[in-house]
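Asks: Each chain, written out:
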Amino acid sequence: MEPDFEQSEHVTHTLAPPITDLNGAFNVVQRVRARMQAAVRGRDEVIETIIIALLADGHVLLEDYPGSGKTTLAKALGDCIIDDQPHDEIVTFRRIQFTPDLLPSDVTGTTIFDPNTNKFFFRAGPIFAHIVLADEINRTSPKVQSAMLEAMAEKQSTVDNRTRKLDQLFFVIATQNPLDLAGTFPLPSAQLDRFLFKIRMKHIQRDAELEVLASYKTRRAGVGNAMPRVTRTEIIEARNVIENFVWVAPEVRECLVDIAARTRSDERVLQGASTRSLVLMIPALQARALTRVRDYVTAEDVFELAMLIFAHRLELAPGIGNVDQVIRDCAAEPLDKLARLTLRR
Amino acid sequence: MKFRASVRAIRHPLRAFALGLAALALTSQFAMSEAVVASVIGSVLGVALGEWLGRSKWRTEVVLSAVAGSLLLVWLLTALLLRGESVADALGPGTSLRTFGIIRYFVTSLAVVSAVRALVVRKQTFIVLELVMVVGAVAFALAAHRDGVIARPLWLSDWAWQAGLDPVHVLLAIGGLAIVVLALLLLAEREGEVSIASLVALPVLALIAVLIFTTSALPQPKPASDINLTDHGESPQTPPQVRDAGVPHQPGSGPDGGARPQEGDGGAGQNPDASSGQQDPHTTDAGIDGGSSARDAAVDGGGSSARDAGTDGGGSSGGDASVDGGASQGRDAATDAGGSAGAQDGGIDGGTQQRPPDGGNGSNAPPSDGGASGQSQRQSETDQESQRNDIPQPSSAPMAVVLLDNDYSPPSGAYYFRQGVWSEFNGHRLIESSRTDADQDVIREYPTQQVRVRESAPTRGRVIVTGRVALVVEHNGPFALESEESLAPSSNPNASRFVRAFRFTSRSQTVPYQQLLHARVGNPAWTPDVRAHYLKGPTDPRYAALAHEIVNGMPEARRADPFAQAVAVKLYLDHNLTYSTRHRHAGVDDPVADLLFGDRTGYCVHFAHSAVYLWRALGIPARVGNGYHSDEQNRRGGSAILLRGSDAHAWPEIYVEGYGWIVLDIAAERNLDPPGQPTDEDLQRMLGEMAREEQEDPADPPPKKDDSLPWLKIFLWTSAILLGLALLALYFVKIWRLVVPSFAKQKTIARLGYRSILDSLSHVGYTRDVTETREVFAERVAQIAPSFRELTTRNIAAALRASGDDLSRPEFDVAGTRAIMRAVRKEIRANTTFWKRLLGAINPISFFSSK
Numbered sequence: 059m060e061p062d063f064e065q066s067e068h069v070t071h072t073l074a075p076p077i078t079d080l081n082g083a084f085n086v087v088q089r090v091r092a093r094m095q096a097a098v099r100g101r102d103e104v105i106e107t108i109i110i111a112l113l114a115d116g117h118v119l120l121e122d123y124p125g126s127g128k129t130t131l132a133k134a135l136g137d138c139i140i141d142d143q144p145h146d147e148i149v150t151f152r153r154i155q156f157t158p159d160l161l162p163s164d165v166t167g168t169t170i171f172d173p174n175t176n177k178f179f180f181r182a183g184p185i186f187a188h189i190v191l192a193d194e195i196n197r198t199s200p201k202v203q204s205a206m207l208e209a210m211a212e213k214q215s216t217v218d219n220r221t222r223k224l225d226q227l228f229f230v231i232a233t234q235n236p237l238d239l240a241g242t243f244p245l246p247s248a249q250l251d252r253f254l255f256k257i258r259m260k261h262i263q264r265d266a267e268l269e270v271l272a273s274y275k276t277r278r279a280g281v282g283n284a285m286p287r288v289t290r291t292e293i294i295e296a297r298n299v300i301e302n303f304v305w306v307a308p309e310v311r312e313c314l315v316d317i318a319a320r321t322r323s324d325e326r327v328l329q330g331a332s333t334r335s336l337v338l339m340i341p342a343l344q345a346r347a348l349t350r351v352r353d354y355v356t357a358e359d360v361f362e363l364a365m366l367i368f369a370h371r372l373e374l375a376p377g378i379g380n381v382d383q384v385i386r387d388c389a390a391e392p393l394d395k396l397a398r399l400t401l402r403r
Numbered sequence: 068m069k070f071r072a073s074v075r076a077i078r079h080p081l082r083a084f085a086l087g088l089a090a091l092a093l094t095s096q097f098a099m100s101e102a103v104v105a106s107v108i109g110s111v112l113g114v115a116l117g118e119w120l121g122r123s124k125w126r127t128e129v130v131l132s133a134v135a136g137s138l139l140l141v142w143l144l145t146a147l148l149l150r151g152e153s154v155a156d157a158l159g160p161g162t163s164l165r166t167f168g169i170i171r172y173f174v175t176s177l178a179v180v181s182a183v184r185a186l187v188v189r190k191q192t193f194i195v196l197e198l199v200m201v202v203g204a205v206a207f208a209l210a211a212h213r214d215g216v217i218a219r220p221l222w223l224s225d226w227a228w229q230a231g232l233d234p235v236h237v238l239l240a241i242g243g244l245a246i247v248v249l250a251l252l253l254l255a256e257r258e259g260e261v262s263i264a265s266l267v268a269l270p271v272l273a274l275i276a277v278l279i280f281t282t283s284a285l286p287q288p289k290p291a292s293d294i295n296l297t298d299h300g301e302s303p304q305t306p307p308q309v310r311d312a313g314v315p316h317q318p319g320s321g322p323d324g325g326a327r328p329q330e331g332d333g334g335a336g337q338n339p340d341a342s343s344g345q346q347d348p349h350t351t352d353a354g355i356d357g358g359s360s361a362r363d364a365a366v367d368g369g370g371s372s373a374r375d376a377g378t379d380g381g382g383s384s385g386g387d388a389s390v391d392g393g394a395s396q397g398r399d400a401a402t403d404a405g406g407s408a409g410a411q412d413g414g415i416d417g418g419t420q421q422r423p424p425d426g427g428n429g430s431n432a433p434p435s436d437g438g439a440s441g442q443s444q445r446q447s448e449t450d451q452e453s454q455r456n457d458i459p460q461p462s463s464a465p466m467a468v469v470l471l472d473n474d475y476s477p478p479s480g481a482y483y484f485r486q487g488v489w490s491e492f493n494g495h496r497l498i499e500s501s502r503t504d505a506d507q508d509v510i511r512e513y514p515t516q517q518v519r520v521r522e523s524a525p526t527r528g529r530v531i532v533t534g535r536v537a538l539v540v541e542h543n544g545p546f547a548l549e550s551e552e553s554l555a556p557s558s559n560p561n562a563s564r565f566v567r568a569f570r571f572t573s574r575s576q577t578v579p580y581q582q583l584l585h586a587r588v589g590n591p592a593w594t595p596d597v598r599a600h601y602l603k604g605p606t607d608p609r610y611a612a613l614a615h616e617i618v619n620g621m622p623e624a625r626r627a628d629p630f631a632q633a634v635a636v637k638l639y640l641d642h643n644l645t646y647s648t649r650h651r652h653a654g655v656d657d658p659v660a661d662l663l664f665g666d667r668t669g670y671c672v673h674f675a676h677s678a679v680y681l682w683r684a685l686g687i688p689a690r691v692g693n694g695y696h697s698d699e700q701n702r703r704g705g706s707a708i709l710l711r712g713s714d715a716h717a718w719p720e721i722y723v724e725g726y727g728w729i730v731l732d733i734a735a736e737r738n739l740d741p742p743g744q745p746t747d748e749d750l751q752r753m754l755g756e757m758a759r760e761e762q763e764d765p766a767d768p769p770p771k772k773d774d775s776l777p778w779l780k781i782f783l784w785t786s787a788i789l790l791g792l793a794l795l796a797l798y799f800v801k802i803w804r805l806v807v808p809s810f811a812k813q814k815t816i817a818r819l820g821y822r823s824i825l826d827s828l829s830h831v832g833y834t835r836d837v838t839e840t841r842e843v844f845a846e847r848v849a850q851i852a853p854s855f856r857e858l859t860t861r862n863i864a865a866a867l868r869a870s871g872d873d874l875s876r877p878e879f880d881v882a883g884t885r886a887i888m889r890a891v892r893k894e895i896r897a898n899t900t901f902w903k904r905l906l907g908a909i910n911p912i913s914f915f916s917s918k
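Residue numbers (the numbering used here), protein chains in the order written: chain A, 59 to 403; chain B, 68 to 918.
Taking lysine-lysine pairs in the DSSO-like style, the calculated list, with each CA pair at most 27 Å apart, reads:
#1 A:Lys223 to A:Lys201
#2 B:Lys801 to A:Lys395
#3 A:Lys213 to A:Lys133
#4 B:Lys893 to B:Lys814
#5 A:Lys133 to A:Lys275
#6 B:Lys918 to A:Lys395
#7 B:Lys814 to A:Lys395
#8 B:Lys812 to A:Lys395
Source of the hints: derived by calculation from the structure; they are not laboratory data. Quick caveat: nothing in here was measured; it's all calculated off a predicted structure.
Please work from the sequences and hints to get the whole structure.
Replies: And the structure:
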């Protein structure tokens, strides 16, 4: 898609050149990272993961307790991105608070009759945005969830039999509360599979928490607003660059396949990693390599992302509680094999 | 807590005390007294020095190498100075040797103790070393106390007996005290809680030390000095020799040297002894027929020998004093007393006997004193004698092992190993001849090359027998099966068991005694002087009277046959003498007369002298031989003959024309001594095996190969060779992996360089866990070598980056990678200990863990 230079200039006061190499892509990463880190303290790892998901064209599911900064994170991300196509109906950031009585049309939008023109016109729902925060996604009915499902999987939405395309930059950050499950509709595994990462956020460090308290006022005042942002187009271009220029060695792909095979044959696992998860993993690996200033994927990337990618996809046998351990066990040998490769050739 | 605090307060003095004692225990076994003092002082100062070094800011390696360097320097310096003549000129050779010895002992103990102390200060664990030093010293000092030999560390048991204590209790007390001191030390060292386990470990440690020492100490009792053939007794004087008592005549070539009187004197002194009692029980074989074992037993009655010694000593001194009245004799007496009595008798008095050779200084000294005052000596001897009687002391301590190459069976039924001969009559007894033209058939010095006797025995009636002697205890001179022809040095087959070894070639008697009848006696080649020398005896007319009386009792046909006369005398003595080692005939002018015309009871030295005097009175050239005697049956068919202290013997010999010196031993028919211990066959076999395990020495005939175990040998050798090859290969691979980055090209430098560094990290214990990725590992290693991260990145990039021809990428940068490698190595060196790196470098399979 051709960027609209005029509009970018208008919004960012700079004429953004098209991104054609990894340096440009990395520059995007840096800008997003800097802005988000300014807005959210003590969550650098999560920020990193979200950036990776953004660049890998995946969605993330944040699982954490209330008040731990999920919304702040999502808003900060939305705040980073400039909509350089202001003329369409798609906005930068939307938040949907899921409740049991929500209807699909509340999410997707609906057609409304206009008496002046005697026509129905479509009023876009909140999913017509670049960044969508789906808050407490497990609290809504499966009907609404399936509407989300289609949108996330196909990047399109069907209302009144008319299918409308969502924007290419459609990024969902869903959250759910791991406790307080009364009256919820747990996400079916098919829908869980739509999320690239499931991020379990931990409580932030004491120092970071102190800093959060100390900097609360300044951050609310929007201290980071002066920092450079990125345009939607830049992110799309960065994705293309990453896909084309970050090298995934055949051995890395073998390693992924080996890990998946092990999860399937492990007796602690009822259902192993799907092939789709592997397919989704490739761009994530590439994106992570980029964030580490590399143009090639290493065992380290696999090791770090395996947990995020597989944890919510594996169905464990009854009585097995620690999915991380299972993944570590399954990944150890293929990763070691991959590591030893560097001594052999 | 209070107790701990007080122990902590005294821990430094306590440690200095313990280590000083350890130094004392160690060095007192072999060093001069000044050197012992020096090393004790050195170790006490070493504690202080080590404490200071340990708290200094230098690195441990620096401290250790400085200490080692200084030690080496001092040793080199003293060696250089000793070699040069200036110092020796200035101080005199003795003084300079002693001075440098003292310096060396001092510096060595200072260095060792301070090094260990510094280590302990740096790292508590090394206190084990200190404990091992103390425990080892104690165990070493008591090492002789083994196999339940409570009398073994003689210096200790002597003292204990003297003080009226049971040595066992003393030993136990020492052990207990050592453990208490060690426990206190350990307690003081720990700043935190003391683990009970560490206290329990102490006795275990001590036990282990004792066990280790035991294995190397075996059943090698120090020779009770019984046998004066050995150094102890040094003074070879005859009489004593018999059983411990006086020993060998040989001049004091022994270490004690000083102590001994000149030989001559010594001889004199002893002679008297000899004379007083000359009876040789042993000789069993003497009889023409062959000895009877019973007599041997008598001989063995080792205890007797010790006592004899006492007696002899007494006798000799007395005799000497009276006769010579010379200073020299005084000395002899002293010597005897010292050598034999001193060593042994002293022991006896104390309750134990002789000390080990080392005692050198100590033991000699007392005797000398004794010598100085003849009277006192006598008295003491008397005392000794009386005491001795209470103490049985068969000494079956192994003295030497003889391996015969030939299957030789002596006509007398016993092997005579001659060490020396006494042929010169000095007025009281027979002593070693001072003539240069007599007794030239004996070699008195250990061979350093092939040595032949000046006057070898005739070939007639004799056969060449060769063999090898391995000495368990140092002797005054070599001995060999009679009559020795030549001696040659031989390598010591087992240095931990034997003090030296040599080979002998002898012409041993095969002619039966019956054939010697009608033979003439004496050697026509002798000058009249020599002949007179072999005929000179006491002027006492009773000898001649007795001799002629015996001859007159012979059948007339035989009366003119000198050999028959000799046999008649022998048979007379056999019949009329009684063997007893208790009858020492000490303190009389002519012990032989005292015996022969008195109670007719005595032991081999007396017997031998009696026979020689009687023969000489009849005009038959005769002399006394001394050395060891072993019944043929003791061989039990093996080629090894174990000579024990109780086998020491003196016997009479006569010269038969055409046949040379023939042993004609006296075998008293009555024996008052208890039977001795039988030969320990196992010991004999074992020592024989040990003596046989020799490296080839050129003088030896090629040993017959033992073909019985070729497969085992082949297997062992093959395994050893394969193992060696494998080790070589491993080291080759290791070194190759280390140096190959120097030859690496752009495409391989990142891989080979990284691998090389991985090996270096393996040396110091950093290996990647299989669950770790390279990056995580690099983070871990970054604690000691931050540059390793970059190397890891390059390595991974080289392997996983899209292949391309862009050789400007960092992973293809040969020089840069090498620079990083150097940096990593430097960081490793800076952040790890030398020992860790050294151990890693030695480990041949360290690279297996590089992954």
